Amino acid sequence: MTIPENPLLTRSLLYLDGVAVSFDGYKALRGLSLMLEPGEMRAIIGPNGAGKTTMMDVITGKTRPDEGDVYFDGRHNLLQLDETEIAQLGVGRKFQKPTVFENHTVSDNILLAAKAPREVFATLFGGARAREQETIDRILETTRLTDHRARLGGALSHGQKQWLEIGMLLAQDPKLLLVDEPVAGMTDAETAVTAELLREIARDHSVVVVEHDMAFVRELGVKVTVLHEGSVLAEGTLDQVSADERVIEVYLGR
Amino acid sequence: MITGRFLAKLDRLGIAFIILMLAVAIIVPVLALAIPAKSAFAIPPYVVALMGKYLCYALLALALDLVWGYCGILSLGHGAFFALGGYAMGMYLMRQIGARGVYANPILPDFMVFLNYKELPIPWWGFNFFPYAMAMVMLVPGLLAFAFGWFAFRSRVTGVYLSIITQALTYALKLAFFRNDFGFGGNNGLTDFKDIVGFNVQADATRAALFSISAIALVIAFILAKAIVTSKYGKALIAVRDAESRVRFLGYRVENYKLFVWVVSAVIAGIAGALYVPQVGIINPSEFDPGNSIEAVIWVAVGGRGTLVGAVLGAIVVNFAKTYFTGVFPEYWLFGLGALFVLVTLFLPKGILGWLSSLRRKPTPAPPASLAERSTIAEEGGSAQ
Numbered sequence: 001m002t003i004p005e006n007p008l009l010t011r012s013l014l015y016l017d018g019v020a021v022s023f024d025g026y027k028a029l030r031g032l033s034l035m036l037e038p039g040e041m042r043a044i045i046g047p048n049g050a051g052k053t054t055m056m057d058v059i060t061g062k063t064r065p066d067e068g069d070v071y072f073d074g075r076h077n078l079l080q081l082d083e084t085e086i087a088q089l090g091v092g093r094k095f096q097k098p099t100v101f102e103n104h105t106v107s108d109n110i111l112l113a114a115k116a117p118r119e120v121f122a123t124l125f126g127g128a129r130a131r132e133q134e135t136i137d138r139i140l141e142t143t144r145l146t147d148h149r150a151r152l153g154g155a156l157s158h159g160q161k162q163w164l165e166i167g168m169l170l171a172q173d174p175k176l177l178l179v180d181e182p183v184a185g186m187t188d189a190e191t192a193v194t195a196e197l198l199r200e201i202a203r204d205h206s207v208v209v210v211e212h213d214m215a216f217v218r219e220l221g222v223k224v225t226v227l228h229e230g231s232v233l234a235e236g237t238l239d240q241v242s243a244d245e246r247v248i249e250v251y252l253g254r
Numbered sequence: 255m256i257t258g259r260f261l262a263k264l265d266r267l268g269i270a271f272i273i274l275m276l277a278v279a280i281i282v283p284v285l286a287l288a289i290p291a292k293s294a295f296a297i298p299p300y301v302v303a304l305m306g307k308y309l310c311y312a313l314l315a316l317a318l319d320l321v322w323g324y325c326g327i328l329s330l331g332h333g334a335f336f337a338l339g340g341y342a343m344g345m346y347l348m349r350q351i352g353a354r355g356v357y358a359n360p361i362l363p364d365f366m367v368f369l370n371y372k373e374l375p376i377p378w379w380g381f382n383f384f385p386y387a388m389a390m391v392m393l394v395p396g397l398l399a400f401a402f403g404w405f406a407f408r409s410r411v412t413g414v415y416l417s418i419i420t421q422a423l424t425y426a427l428k429l430a431f432f433r434n435d436f437g438f439g440g441n442n443g444l445t446d447f448k449d450i451v452g453f454n455v456q457a458d459a460t461r462a463a464l465f466s467i468s469a470i471a472l473v474i475a476f477i478l479a480k481a482i483v484t485s486k487y488g489k490a491l492i493a494v495r496d497a498e499s500r501v502r503f504l505g506y507r508v509e510n511y512k513l514f515v516w517v518v519s520a521v522i523a524g525i526a527g528a529l530y531v532p533q534v535g536i537i538n539p540s541e542f543d544p545g546n547s548i549e550a551v552i553w554v555a556v557g558g559r560g561t562l563v564g565a566v567l568g569a570i571v572v573n574f575a576k577t578y579f580t581g582v583f584p585e586y587w588l589f590g591l592g593a594l595f596v597l598v599t600l601f602l603p604k605g606i607l608g609w610l611s612s613l614r615r616k617p618t619p620a621p622p623a624s625l626a627e628r629s630t631i632a633e634e635g636g637s638a639q
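Protein chains in written order, with our numbering: chain V, 1 to 254; chain U, 255 to 639.
Only chain U is shown next, with the shape it has when bound in the complex (with noise of 0.2 Å):
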């Protein structure tokens, strides 16, 4: 109902995109399932994991846009509530090995049996039922983001002291996770997966069918976070960007405005690190990782920051360029981030999308609107800045 009302708000930009990834969503699994390996056309079973990859970094790239993008909120921790995410779908693959592990123990996992677990760990129960696990993939990363949203957002935490903060809390958490006594796997994580509701996770099908979720995830989270900025809760978010104190003295409760954008942002990067993990087969603590969160910051930057398209289109490019280079030149991949990065926010301060639209805008005449402006200037006497 609501999602009906605000298609009707979306632009030329979000619909086409919608359509290309619905499209993607129908042809690649085609291309890599009903194609023979001999066809040009044929995708093979490594790219389609690949791209299916990609997209759940698009999908950390969106949660990612829509709280810094349109609130303000530099958040350098987001990897934390994506591996989270991650975890908790992990913990559900885990359960599912059953008696196939190496130690054939149908109720703990490997790793448990190692280091001589006598039980399950309370936080592990019911995670071989798979919609506990999958509300567990929402639950987890909102119940910790509402938490530190609810603390930092009173306290009126803001800019570079609550982008370090963030930055702890993925910190943190690698930390403890990295604990053999934490129960979560510690240093190697969760990985030897078997299946997933029944299919095995290896099986070319399996990798087209998450691929194609993926894209849906991605196509109805766009969809989802266009109807929260667009809305007037919306206008008032990008409000508290440009002038927080002056929202406040309309008398909005901004802290409020923040903590539910916040929220609904960790959910989504908590679902694209559940869709992660099936992917690439295995979620260990380096995905807490600091450098992991500035990377996504680095992709909504370079796409185009508070456009939403232009982080997805980040993320993609940057990670196609990254797998791209990481195979030829492995040890400047590093230098070429850091110089991408540098180079965007000098010459395309807008990124890629915003310079993309400047470019097309700039053959037609002006705008009605700055005639309108030449105008009022002349009548005031060019006090307009």
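Bound conformation, chain V alone (with noise of 0.2 Å):
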């Protein structure tokens, strides 16, 4: 498969272009296009049945697009690569619903997590290294679960556990993050811990944070994309889009 000579791909960090997706003839995604460069951070709004989570199914390997190209890192065609490869490459996804290892002590989830050998007789014949311990307290630290670090993942509160999440993937340590609607549930107080913790992984990774609340969004302060019904209505700040005539239409209803 030879890769289409284009300068924007080679550049991004993620391309995605034409991609169309449907199930049973509703049509998730409708020729979205969007692309993200490297070290950026973004947040994607949108309407329910936007397209969103579909959007993350296809970029992590869990649906298969009909139509379009996704490339990562300017070279890998995502589309020829399953869910474990695509992680390997380093595409960490957080989902919707937190999900950690509720039957796993907090360590024990970042451990489960850390960048190291996943093949398993690498598991099976080695243990926690130094390294990978230094790593668990270092994250613990900036998820503040530090004081949680032997309770059951099940055990925890749910701002908890969206934030053990989000450690699991500082520890995964990828080139690139999806972040689905974390904020979904949490306090005011919880909300503004998570903004904070994510601005502090956008310094050294791409983030895309997919979110429905618009204060949160402001409070990350990046550039915006607006999804409806599965492609790109608006992209910008987002005091542009706000002022974007279809854009309030679509959020206010016709």
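Just so you know, the hints here were simulated from the structure itself, not pulled from any lab data. Since the model is a prediction, treat every value here as computed from it, not as a measurement. In this text, a Cβ means the ideal position worked out from N, Cα and C, and glycines have one as well. Check the hints yourself; a few may be wrong.
Said to hold, decoys possible - Under 10 Å between C-beta atoms, here's a sample of chain U residues computed to sit facing chain V:
(1) 486
(2) 489
(3) 508
(4) 593
Got two chains here, each in a separate frame; can you build the complex from them with the hints?
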């Protein structure tokens, strides 16, 4: 498979072009095109059913699109890879519903996510090395979970689970983080902490955040892409897109 | 080397279990052989054989717990691996009969002479050689599990569908082994064994030795299983059980994780079957019956899934009850077994072992973790679950 000659593509970290997905005739994505530069943090907003989660499913290999191109890091065709291979390339994902390993302790959750050989025999014979332990300690500190390290994932509060999952992403140390509605169901105080966490992460990772919460998006202060009915409606700063006639129409109803 | 490092990881229950099993491996043969039969402490030979059988079932339960308890693969066909190991041992024992059979053919077992075989079929070659037979005890179930798992896990067959295929696997093998022209003794299976590595299988001393070997095999398998589930691999395995797709998005090859434990489990089940056959004196296609595999699932559920020791406990308790009740009320045993499964599922979802450990924990004050939880909830205005 030859990669199309395209300077935009080769410079990008994530490149989606004309992606279309339909489920039993329902068009979840119709010609979605999006480009993310290395190191960029991007917020994606849009009403329910705009295709935000489907987009993440396509990028992570969970859903195969009917049409379109998806490239990562300017050279990897993600449509030819499965979830494991995409994750190993350096794409991390946080789900909408926090999914931590409920029967593992907080620190084991991070250990499992931590960047390390993933082959069966490597994990069978290699224990947690000192370097991994340092990483775990640092991430527990960042995610404010140091005091909870020995508790089971399932015993954490909703907000703590979200932070643990962000911590797992950090441990994975991916080039690109996809974060789906990180503040859904959080209190205002927790939301503020989460925004701070994500900004911290964005310093040395590229991040795509899908979010409903406008106040939270404003707090992030990054470029915003508005999705509507499976394609991009507007792109720009939050103030620019909020002033856009079509965005107002979509959000306020016809 | 690896064992030594993992011994440090054993919990108190695990150490107690190992000590108990090793003690049983020594004491039972002593009581069976060295004590005069009239003494109150003497163990009659048939009891030794019966207990040896329980230990083989316990080994099968341990194998099943490894895949079901730790990886969430509910196998309803583990009896197939057990029976294949048993057949491999049976074939060795058949070849040892030699010219002592009814037809006195030095090469061909009786059933082959009866069915007009002219020469030994290729699958039987080498089975007169003990190390080869023992290699087959592990290789045949292991390779079958590898082939089965390779396709099933790669195609992401999970849950009920996987359970149904495992059931079909053991049923298909049962039908195949029932056929006379399949070459493994058909309906009657393999029996009339004479000796094993030169010792008479019927002799009390051989019985006692087989019992001890079964207990030691159980200890070794337990240490191996414990080493697997406490390693980082084991943690990933539990994660696969609880949230499979999440593990995939972390970059783990879930199918390889499943395949490894599945093959290890099948090999342990095969060894269990191989130890079982000389102690019961027969192997026939009914060992492939799906009902046997389901019974093994009940042992694990009764004892406590995902605990290893619980699986062993469940196998021994249920089979002891089976021996007792089939003696006292033979016609009601199956109802009893069904009721036991329903009651355990309803009232002891974590099995006997889970129930015992919850009893033990109750009197102690709430652990610090729950205190910490309460204070966090207070801080955050009660958003915790």
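How the hints compare with the structure:
With its C-beta approaching chain V no nearer than about 4 Å, residue 486(U) sits inside the 10 Å limit, and its interface hint holds. Satisfaction of the interface hint for residue 489(U) is found here, the shortest Cβ-Cβ separation to chain V being roughly 6 Å, below the 10 Å cut-off. The beta carbon of residue 508(U) comes within 7 Å of a beta carbon in chain V, closer than 10 Å, and the hint placing it at the interface holds. Interface restraint check: residue 593(U) against chain V, minimum CB-CB distance 30 Å, threshold 10 Å, status violated.
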